[in-house]
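Trainee: Sequence:
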Amino acid sequence: MERVVDAVRAPCPHAPYGCDAVPAYHAREDHLLACPHAPCRCPAGESCGFVGSTAALLKHVGAAHHQG
Numbered sequence: 001m002e003r004v005v006d007a008v009r010a011p012c013p014h015a016p017y018g019c020d021a022v023p024a025y026h027a028r029e030d031h032l033l034a035c036p037h038a039p040c041r042c043p044a045g046e047s048c049g050f051v052g053s054t055a056a057l058l059k060h061v062g063a064a065h066h067q068g
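Start counting the sequence shown at 1; every next residue gets the next number (full-length UniProt numbering).
Hint data in this document are derived by calculation from the structure and do not stem from the laboratory.
Where hints are given, some of them may not hold.
Restraint-style ranges between C-beta atoms, simulated for each label pair [said to hold, decoys possible]:
{"hint": "1", "residue 1": "Asp-6", "residue 2": "Cys-48", "range": "40 to 46 Å"}
{"hint": "2", "residue 1": "Arg-41", "residue 2": "Ala-7", "range": "32 to 38 Å"}
{"hint": "3", "residue 1": "Phe-50", "residue 2": "Ala-15", "range": "17 to 23 Å"}
By construction, the Cβ of each residue, glycine as well, lies at the ideal position given by its N, Cα and C atoms.
All chains should be modelled from the sequences, with the hints used to inform the complete structure.
Mentor: Next comes the structure, spelled out in C-alpha cells:
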C-alpha cells in the first residue's frame, strides 16, 4: 500500500510560476509550504495587478516601480 501512495504524484500548482516539482502525494503539503515559486502579489497594490514568483516579483518591482 505504501508503494501505491508513493506512486501517486501530481505537478505543483505553482507550475505556471516556474515550479517543475512533481511531489509525491504525502509530500505535497511540505512542498507547497516551501515552494520558491509560490505566487506573490506586487506590493504596489491592486492598481498594478502583478502576480508571479518571488524571483519574478523582484525583477518586476525593479523594472516597473523603480524610483530613481
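Trainee: Determine for every hint whether it applies to the structure shown.
Mentor: Status of each hint after checking the structure:
| no. | hint | verdict |
| --- | --- | --- |
| 1 | Asp-6 to Cys-48: 40 to 46 Å | holds (42 Å) |
| 2 | Arg-41 to Ala-7: 32 to 38 Å | holds (35 Å) |
| 3 | Phe-50 to Ala-15: 17 to 23 Å | holds (18 Å) |
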